[in-house]
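**Student:** Join the two chains into one complex using the hints; note that each chain is given alone, in its own frame.
Now for the letters of each chain:
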Amino acid sequence: MPRYHADLGGTRHAFDDLRAVLAAASPARSGDMLAGVGARSAEERMAARFALADLPLAALLNEAVIPYEEDEVTRLIVDSHPAPAFSAISHLTVGGFREWLLSNAVDGAEIASVADAITPEMAAAVSKLMRNQDLIAVARKIEVVTRFRNTIGLSGRLSVRLQPNHPTDDPAGIAASILDGLLMGAGDAVIGINPATDDTDTTATLLELIDEIRLSCAIPTQSCVLAHVTTTLELIRRGAPVDLCFQSIAGTQAANRGFGIDLALLGEAHDATRGLDRGTLGQNVMYFETGQGSCLSANAHHGVDQQTLEARAYAVARAFEPLLVNSVVGFIGPEYLFDGKQIARAALEDHFCGKLLGLPMGVDICYTNHAEADGDDSDTILTLLGVAGVSFIIGVPGADDIMLNYQSTSFHDALYLREVLDRRPAPEFETWLQNMGLLEHGRIADHLPPTLLADHIPLLRDARG
Amino acid sequence: MLVAELPSIRDRFRALTQARLLLGRAGQGLPTRALLDFQMDHARARDAVYSPLAADGFADLIERPVIEVASRAKDRQEYLQRPDLGRTLDPGDAATLPAAGGDLAIIVADGLSAMAVHAHAASVVGALLARLPDWKIAPVILARQGRVALADEIGAALGVDMTVILIGERPGLSASDSLGAYLTWDPRPGRRDSERNCVSNIRPPHGLSYEVAADTIVSLLKSARRQRLTGVGLIDDGRRLSP
Numbered sequence: 000m001p002r003y004h005a006d007l008g009g010t011r012h013a014f015d016d017l018r019a020v021l022a023a024a025s026p027a028r029s030g031d032m033l034a035g036v037g038a039r040s041a042e043e044r045m046a047a048r049f050a051l052a053d054l055p056l057a058a059l060l061n062e063a064v065i066p067y068e069e070d071e072v073t074r075l076i077v078d079s080h081p082a083p084a085f086s087a088i089s090h091l092t093v094g095g096f097r098e099w100l101l102s103n104a105v106d107g108a109e110i111a112s113v114a115d116a117i118t119p120e121m122a123a124a125v126s127k128l129m130r131n132q133d134l135i136a137v138a139r140k141i142e143v144v145t146r147f148r149n150t151i152g153l154s155g156r157l158s159v160r161l162q163p164n165h166p167t168d169d170p171a172g173i174a175a176s177i178l179d180g181l182l183m184g185a186g187d188a189v190i191g192i193n194p195a196t197d198d199t200d201t202t203a204t205l206l207e208l209i210d211e212i213r214l215s216c217a218i219p220t221q222s223c224v225l226a227h228v229t230t231t232l233e234l235i236r237r238g239a240p241v242d243l244c245f246q247s248i249a250g251t252q253a254a255n256r257g258f259g260i261d262l263a264l265l266g267e268a269h270d271a272t273r274g275l276d277r278g279t280l281g282q283n284v285m286y287f288e289t290g291q292g293s294c295l296s297a298n299a300h301h302g303v304d305q306q307t308l309e310a311r312a313y314a315v316a317r318a319f320e321p322l323l324v325n326s327v328v329g330f331i332g333p334e335y336l337f338d339g340k341q342i343a344r345a346a347l348e349d350h351f352c353g354k355l356l357g358l359p360m361g362v363d364i365c366y367t368n369h370a371e372a373d374g375d376d377s378d379t380i381l382t383l384l385g386v387a388g389v390s391f392i393i394g395v396p397g398a399d400d401i402m403l404n405y406q407s408t409s410f411h412d413a414l415y416l417r418e419v420l421d422r423r424p425a426p427e428f429e430t431w432l433q434n435m436g437l438l439e440h441g442r443i444a445d446h447l448p449p450t451l452l453a454d455h456i457p458l459l460r461d462a463r464g
Numbered sequence: 000m001l002v003a004e005l006p007s008i009r010d011r012f013r014a015l016t017q018a019r020l021l022l023g024r025a026g027q028g029l030p031t032r033a034l035l036d037f038q039m040d041h042a043r044a045r046d047a048v049y050s051p052l053a054a055d056g057f058a059d060l061i062e063r064p065v066i067e068v069a070s071r072a073k074d075r076q077e078y079l080q081r082p083d084l085g086r087t088l089d090p091g092d093a094a095t096l097p098a099a100g101g102d103l104a105i106i107v108a109d110g111l112s113a114m115a116v117h118a119h120a121a122s123v124v125g126a127l128l129a130r131l132p133d134w135k136i137a138p139v140i141l142a143r144q145g146r147v148a149l150a151d152e153i154g155a156a157l158g159v160d161m162t163v164i165l166i167g168e169r170p171g172l173s174a175s176d177s178l179g180a181y182l183t184w185d186p187r188p189g190r191r192d193s194e195r196n197c198v199s200n201i202r203p204p205h206g207l208s209y210e211v212a213a214d215t216i217v218s219l220l221k222s223a224r225r226q227r228l229t230g231v232g233l234i235d236d237g238r239r240l241s242p
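Protein sequences appear in the order of chains A and B.
Residue 0 is where the first sequence starts when you use numbering that gives the first Met the number 0, and the numbers rise one by one after that.
Residue 0 is where the second sequence starts when you use numbering that gives the first Met the number 0, and the numbers rise one by one after that.
Isolated chain B (complex conformation) (with noise of 0.2 Å):
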């Protein structure tokens, strides 16, 4: 055989899946070269869970002001046990907040991966930005240890009308930086997961490119504004959408 056929064979196979097909057997273990590969990936989704939020910079990217805030969640491991804590702002800082109204405020989180906010955030907002120059806009909020619905308290002490959350999404062995936006129309604590709208895998050039990105996003910050809603009740392109 058949063993000088398999190199072809997994080839092709590999066109049909990304999935880790024919990877071959030491008894009947794995050959050293897959359980490496294997495990690379994995170390690189670990250090993306644990890359800290590096804000030094981020305002001068965006050529904006920038709030730096902070959940109740005072460190990865009680971020990664206590989603309850990376919702809700800690109290010192959600008095800094200006309520001064507006129609959308953009924030940044860290969410599960810090590394997908370094790599594309300032490029997404930028992007935003320049699609929406007659909307009134809060200052940009850099959020630590923040899940999707800090963007709620977020938004109600902005008073805005909506908000847009950029924030890393979970590291999978493939990918470890990718962005996820999520949109919530009227924002306040206690929105529900099925009031918002998203658009996930913002990571170029293997997942949505910025301004593939910036356009859907935009899209549905337009109808949403009209529908006075977001969620599953949100019509964008005359499409129903999913949450």
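So that you can see chain A by itself, here it is in the shape it has in the complex (with noise of 0.2 Å):
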């Protein structure tokens, strides 16, 4: 029996449980047709939608879309939840969660207050009913601020993670390419590499590199080397220079097995790294990726929409208190978002959601060679993305991550999205830049001397002759 339906113009759709109708109700998108949850016409979503509307919130903290007894994330969802601060919302449908958040009389620090009580699914839920406007208004009412070195996240405030990627981790490859970020003025969020290889002795040479290089030019920021958590703990125990532990996360368990963790790992982990007590401003010490599709290419769905379940991700997230959290919203290629359309929609949702559910909320915009996008659909959200008042983007020399063969957004990306809505660099790493005489009226001095920063940088004293 169809526990879901809708009656519209003397047609009744139904749907057979939530997941259903909350894959039904997702704006169109590849993954979900190649798992075959997808809305079969235009009218089913809009059908859903309307079933969507007139659930009451507390029916999707009832409903588990994975049983609680199969996933640890499930249960992460419902033990953490917190009933007394959910009784300012647990009157409204879905419906009228969305305009609930997008009034007047509701401002950031109001959504803030309930964000430990809105689960992944309310988010998801509600984000399925707004339109592109709607996720960018209510995002941009709501600041998230975290702390290691620096503060992120502060309203005015744009951040850029400085990702200079090298296909054999050379370091003075990689040192070239931190000194151009630099110069450009990245690097705020994280100087964080993805190694081309998991293998500790490089994962250690890589951190050294870019610790010698940040207390050499005092730059208020940290360092991150993106290996798998279990090469991070044992960085930790050789005495690296850990700042933040990374890792990729999903929204089910049986996805993030196939990333080879689980919840008491990542706990693990958290605690080993805060009790390094390396930051100076804060312990924020977790720096997660994330994105949608990962738990249908890792068939680890549960049947749940692409987008939902990255909305259980963030749960995952928030448990360990991220200094940064991004989605990597087109690398995963065109089977799950197909164009920049979707690609665009998708990093919207995945902006609002994570800031609703109170994460420090960044977005790796780019596409891949075979998805339906290029650098005009990477402006278009890297745009709007800057008005919805995401905390940070990624910085790739000249937009092309020679390691990963993806195009991100680029060092002058970052500037142009500073200047055309007067975003500034975290404050800390503002006034470094100010003082290396690197800043000139607000702006990136023209004209710098890329020799400015290389004569601090052993690697490269050599290179500049």
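Derived from the structure by calculation, the hints contain no laboratory data.
From a predicted model like this one, the values you see are computed outputs, not experimental measurements.
Each residue gets a CB set at the ideal place from its N, CA and C atoms; glycine is no exception.
Don't take every hint at face value.
As the list claims (entries may be wrong) - When the alpha-carbon atoms are kept at most 20 Å apart in a straight line, the in silico EDC-like pairs for lysine to aspartate or glutamate are as follows:
(1) B/73 <-> B/62
(2) A/340 <-> B/185
(3) B/73 <-> A/371
(4) B/135 <-> B/62
(5) B/135 <-> B/185
(6) A/340 <-> A/376
To be verified - Residues on chain A that point at chain B, a partial pick, calculated with CB under 7 Å:
(7) 37
(8) 165
(9) 170
(10) 176
(11) 337
(12) 339
(13) 368
(14) 369
(15) 396
(16) 397
(17) 399
(18) 401
(19) 404
(20) 411
(21) 418
**Tutor:** Given below as structure tokens:
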């Protein structure tokens, strides 16, 4: 017996369970079609939205999309749900929740006060009733501030992860990319390298490289080598200079198992990294990456749509008080997000859901060469997310990641966004840029000598001749 | 400054990495030349993804009979959105494959770059055949809209012990014509990626040469035949391999 339905124009559209309503209500995307869970017609999609709009928020708490007994992410969501905070919104339907979030009477602080009581399924559900402008209007109300050696997420600010990847992890090549990024005002979110191999010695070498640059130039930022959490734990045991602990995460226990992690391991890593006590302003020490489609890709989606599963990954993230979280929104390929329109929608959903759940949300705005997307799509998404108040974006030299072979955003793109939306770097980093003579009237100075910082970087002294 | 210094420093830095460093700026944006260079590289990659596989003359090039097949993905749009269809044979084509058995089937598929197949596949096939004179090798299969796992169904239909599929890799900005080779022992639908071995970036002169690629593939094939497996468990030259 179908448990959800909408009667429209004499036709009854029925849905077997909450999963089916959520999936059918989701804006069209290739990954949900690949999984066989998306709406079969445009009208069915609307019927699901009508059904969803009338659903009480409490119904999303009472019916798990993945059974409690089978999935530790569901258990985390249910067991950590604070009933007292929920009382402020428990009377709302999903449609009413949308209007409450948009209402002029509800500001960011009020939304933040109920963030812990908003489950990922509630966030995903309301996002499915929201147009792009709603996702932007609500997200920009919410300020999520985190700290390690600087302050990320203040309104009016835009931070950048400096991503200096190299296909063979060559330290001098990576140092050159770091220098380029610093000269362009990037690196306040983190200087974070994706290593080409997860080898512990290589990872240690790269960590020491960033740490040496950071210390010799006195940069108020943090470093990260985005290795597997078990590699980072080993590095901590070895005494390597670990600032942040990175891990890719997903919204189901089975998908996380595919990543070689579970909640207990993340907890162990969180404790070990905090125990190093290297943050000067705060102790947000985790860095998580996510992305729609990762559960389906791991054959671990339980018939749930990819956007709802993505929101569940944020429940995993918020359990560990991260410094940074970003969706890598176009990386997974066209079988999950086909074109620029689908990638843009997903980027806004991910940013909105992350902020709504209380996360310091950035986005890796990116595309692969087999997706129907190009630099113009990146510019559009970048601008939309800037208006929505994205905490940080990625900076790669010339937008071309030569190790991961995809196109992300560039140092130039970050400067563009700071210019057109009048956003500034993290305050401590901004002061550093000023003291180094890199900023001139609030902008990166023209005609900077590339020798300016190279003198401080041993690997580059020879290269500059 | 220093503007005068920039080109020489840029050259020295660029010797360290292929990253697009020290591009300069126009306001906050890219200088025109850097903008066009990037768009040109992307245009080449896009053309590679949408390049149709040209079968004409392939049999002559390799001096062997060739059987053409297609996956269930009817065009590029469907191929890109439905990897499951790219892994299964068009039902009409499955019946045309001779179940004659053999040591090896060589399958050539467009994958994400037919340009890579056009540029390199015939040479790699030739180099492989020259190195395997005593092996019983099935007719070469040329597959349209194919993914790596399509080789499993083809290999099972042919009844061969092992397959190697040469397939166009996802184009990057720096290379649109890179060919990959995936080896699978006892091919049948349902094989996992961890049960294959891969030789990637076959793309002379910047990537692997045909000779080095063929030597590596043949070494893996011989090890796989001895050990009766491929994938993470295969030991080649005394080394355990990653898939």
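**Student:** Against this structure, judge whether each hint is valid.
**Tutor:** These are the hints, each one checked on the structure:
| no. | hint | in the structure |
| --- | --- | --- |
| 1 | B/73 <-> B/62 | violated, 29 Å |
| 2 | A/340 <-> B/185 | violated, 42 Å |
| 3 | B/73 <-> A/371 | holds, 18 Å |
| 4 | B/135 <-> B/62 | holds, 16 Å |
| 5 | B/135 <-> B/185 | holds, 15 Å |
| 6 | A/340 <-> A/376 | holds, 8 Å |
| 7 | 37 | violated, 12 Å |
| 8 | 165 | holds, 6 Å |
| 9 | 170 | violated, 9 Å |
| 10 | 176 | holds, 5 Å |
| 11 | 337 | holds, 6 Å |
| 12 | 339 | violated, 13 Å |
| 13 | 368 | holds, 4 Å |
| 14 | 369 | holds, 5 Å |
| 15 | 396 | holds, 4 Å |
| 16 | 397 | holds, 2 Å |
| 17 | 399 | holds, 5 Å |
| 18 | 401 | holds, 5 Å |
| 19 | 404 | holds, 4 Å |
| 20 | 411 | holds, 6 Å |
| 21 | 418 | holds, 5 Å |
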